[in-house]
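**Q** So the protein lines, in turn, are chains A and B. With the numbering used here as the guide, the letters of the first sequence map in order to residues 1 to 76. With the numbering used here as the guide, the letters of the second sequence map in order to residues 1 to 168.
Simulated from the structure, these hints should not be mistaken for lab results. Glycine residues also receive a C-beta, built at the ideal position from the N, C-alpha and C atoms. None of the hints are false.
Here are the simulated lysine to any residue pairs, SDA-like style, with alpha carbons at most 25 angstroms apart:
#, chain 1, residue 1, chain 2, residue 2
1, B, Lys102, B, Phe69
2, B, Lys105, B, Pro80
3, B, Lys3, A, Val33
4, A, Lys73, B, Gly123
5, B, Lys48, B, Gly13
6, B, Lys54, B, Trp17
7, A, Lys67, B, Asn106
8, A, Lys20, B, Lys107
9, B, Lys3, A, Met28
10, A, Lys45, A, Glu6
11, A, Lys45, B, Val109
12, A, Lys20, B, Glu114
13, A, Lys45, A, Met1
14, B, Lys54, B, Gln130
15, B, Lys4, A, Asp26
16, A, Lys20, B, Pro49
17, B, Lys107, A, Tyr69
Rough simulated footprint, nothing fancy, chain A against chain B, three-plus residues with beta-carbon under 8 angstroms:
#, region
18, 30-38
19, 98-109
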Amino acid sequence: MSHNDEIDCSGMSCPLPVVKSKMKIDTMNPGEVLKIITTDPGSCKDIPAWANRVGHEMIEEAEENGKYYFLVKRGE
Amino acid sequence: MAKKKMAIIAAQGSLDWAYPPFILASTAAAMDMEVKIFFTFYGLPLLKPKISAKVTPAANPAMPMKMPFGPKAFQAIDWPIPHAVSGVVPGFDSMATALMKKQFKNKGVATITELREMCLALGVELIACQMTMDVFGFEEKDFVDGVTFAGAAAFLDFAADSDIQLFM
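This is chain B alone, in the form it adopts within the complex (with noise of 0.2 angstroms):
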């Protein structure tokens, strides 16, 4: 039976978007699946080999702002913060980052960069979009070793026979 293929389109960079891709991707190629991702835009930052991506609670309104310590009740309250103190407040969205951090690590889900190892051991390719590094100003040394680059029609050319296409 042929292997299934799967293309994967990540533009965008925030914490929340980071961990789809490379979730998917790894499942996916656990399940003997063929795995492209195709990283343009705000995707790219994410092939650095240090990932510094945030979370904006202002940009996202459904986001329930929990906290990761303390007894269970105080756990469960989404705390009602003002859309004008998060989005105006410094260093909210590095300490919103860091919550969600914990938050991840305290339910066992593994880190953007774990997620980004095991997506290349399983021959995950990780494109990076040429012309949006090129706008960006990113060069090849910029990403992690094993990162491949490509443009726009070289990806379809994969996504045109892929079972699964999708865009993040």
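Only chain A is shown next, with the shape it has when bound in the complex (with noise of 0.2 angstroms):
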């Protein structure tokens, strides 16, 4: 799936993959979608929570390489 932005938090702790996350999308459309890059193992539960919590819709999770990819499109 495409996607409209993205941000890189790789070699980023928590809180920083969620708060970066959150100032992006911020800056987005609703219905748009963002690609999130993360390395942090905690992000892979956090990322989803952070999202669900606040009205965006998880789109897809992957890993890759040691490298988690999430897919989060923006909500009202």
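The two chains are supplied separately, each in an independent frame; assemble them into the complex guided by the hints.
**A** Put into structure tokens, the structure is as follows:
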């Protein structure tokens, strides 16, 4: 699936991936998709928890070569 | 849906205890919660422009003493430093503080100052306890811009309607 914007949080630990993703998605429009890249294992649960809590939609979660990828669709 | 609220009391000023309030507050704010942190007693210096918080291994017996450099096996060693050494050797706390900062930096953890800036940017209210300010001789100008000032009742009024209340 394509995405509208991207943020690379590689090397960052809690709570930076969530905080940076929030700041990024706030600059986007509802319905647009943000791709988030992380290396922090904790973010595997944190990113979905954050998205679910604030009303964004988790479109995809994947892991490849030690990196985690998330596609999050911005809610209203 | 009404915003969830979180009320934190930050009463500790050591480097290790400086992290939790700012980490949880910035995360909660990112999760669209309304957050207020009430800084009282030794939490107050965390509102100064330059944060000089330290750790004291002698007062934290469970603190791992590990080196943030060298080969992996070396870094894994938990050095058995006797209390008699960590408690009395001059400069030991400064050394432990430098090691902890290095360790956190290596692991990609933000500094306290960065976390505090994020909290302010996300709308977290940082409240300095008026009474302990007076007791310890702090003035409003001693703290960073954006800090507010209040007493226990004003904070508890917010905490009473909060979904999460934490004392640190």
